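Asks: If you want the building blocks of each chain, they are given just below.
2 protein chains.
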Amino acid sequence: MISPINYCPQCSQPVRQGIPEGDDRPRHICDACGSIHYQNPKVIAGCIPVFGERVLLCKRAIEPRLGYWTLPAGFMELGETLAEAARREAREEANVEVELEALYTLFSLPHISQVYAFFRGRMRAELFSAGEESLEVRLFHEDEIPWDELAFETVRRALRLFFEDRHGGNFTFRTEDIGPELNRRPRPA
Amino acid sequence: MISPINYCPQCSQPVRQGIPEGDDRPRHICDACGSIHYQNPKVIAGCIPVFGERVLLCKRAIEPRLGYWTLPAGFMELGETLAEAARREAREEANVEVELEALYTLFSLPHISQVYAFFRGRMRAELFSAGEESLEVRLFHEDEIPWDELAFETVRRALRLFFEDRHGGNFTFRTEDIGPELNRRPRPA
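Order-wise, the sequence lines are chains R and S.
Counting from 1, position 23 in the first sequence corresponds to residue 23 in our numbering; the numbering is continuous, with no gaps.
Counting from 1, position 154 in the second sequence corresponds to residue 154 in our numbering; the numbering is continuous, with no gaps.
Okay, chain R solo, but in the shape it has when bound (with noise of 0.2 Å):
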């Protein structure tokens, strides 16, 4: 989400819209200190843990998207490395240490203004909990997977793709731009 800028964070003084000298696109700009406020996409990071057969799913205990399911991932953090995020959102949501194999998936979504980029990542045992964000976590066989109650097209398209690489035998790095089409269901009870 893209926070409105109403004043100066460097100044406190109101700031304009306006196109700066030698820009094309409107930018926040504060007339008192000179000053430009650029707002920029954000990278979610996250993996698909597997364990054996299945692969790890958390029950979202936060908004947006409450009591449905997703794979672990979230907003990078200044000063980490795409895999270390990765990697932090695991041990956040679901108590669990994951190995990461090669980046899986990097999926554009203009119209929210997200990278969300996925790992493979292995579990080297079946250590997990629900972490403060999750309501519970499990791991699923792939004919257990609750394609109804994903929380995000993200995760449902990520989770598509692996399960159909992993019947080829064969795992790809994909991109592929998402746009708003998802239905929202009601939330599962």
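Keep in mind that a hint or two might mislead.
[Claimed, not checked] Anything over 10 Å on all C-beta distances counts as not near chain S; from chain R, calculated:
1) Asp31
2) Glu84
3) Pro110
4) Phe163
[Said to hold, decoys possible] When the alpha-carbon atoms are kept at most 20 Å apart in a straight line, the in silico SDA-like pairs for lysine to any residue are as follows:
5) Lys59(R) with His141(R)
6) Lys59(S) with Ala130(S)
7) Lys59(S) with Glu149(S)
8) Lys59(R) with Gly22(S)
9) Lys59(R) with Phe171(R)
10) Lys59(S) with Gly22(R)
If you're looking for bench data, these hints aren't it; they were derived computationally from the structure.
All figures in this text were calculated on a predicted structure; none of them were measured in a lab.
Cβ coordinates follow ideal geometry from the N, Cα and C atoms, glycine included.
We have chain R already, so just place chain S on it with the hints.
Replies: Frame of chain R; chain S shown alone:
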């Protein structure tokens, strides 16, 4: 570069640094309006524009690294896909239309909180010129690449991988972490 936040962009009151409840790292918190202001890594998208055997580079007309050669690349904007951002940057910096092939490299630069994506790209015609941010734009054969006058380690690394893979006859998607080890050389004459 990460901009300082001294005042709340929503309500103009001074912010403090603190760890919000349920969080694990310091954020900018506004006690007046209750908002929390997150800062996250930025994405840079670009491409390796290829025409026949040659690769297109731009000599930077702006800081940082004014006078050094770079691949066309820049900050991803709100509402864009990675590919749209890469094509736009090629247009802006080199007035060139690039048909993007696969995403080729994805670098994490944790010391400057950036994620850097380069596509491989094909130029349909030898049509290009210096955009506002470039002093000069030129096609280079491999043995002409100004290795000592490249602007960024990401560019050097992407080009090294590109020529290695081209010699090998097969391009493979690469993710790497890049540290702050680039030697800062004096500006070229």
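Asks: Next, verify each hint and record whether it holds.
Replies: Hints, one by one, checked against the model:
no.	hint	verdict
1	Asp31	15 Å, holds
2	Glu84	7 Å, violated
3	Pro110	5 Å, violated
4	Phe163	21 Å, holds
5	Lys59(R) with His141(R)	16 Å, holds
6	Lys59(S) with Ala130(S)	8 Å, holds
7	Lys59(S) with Glu149(S)	9 Å, holds
8	Lys59(R) with Gly22(S)	18 Å, holds
9	Lys59(R) with Phe171(R)	26 Å, violated
10	Lys59(S) with Gly22(R)	18 Å, holds
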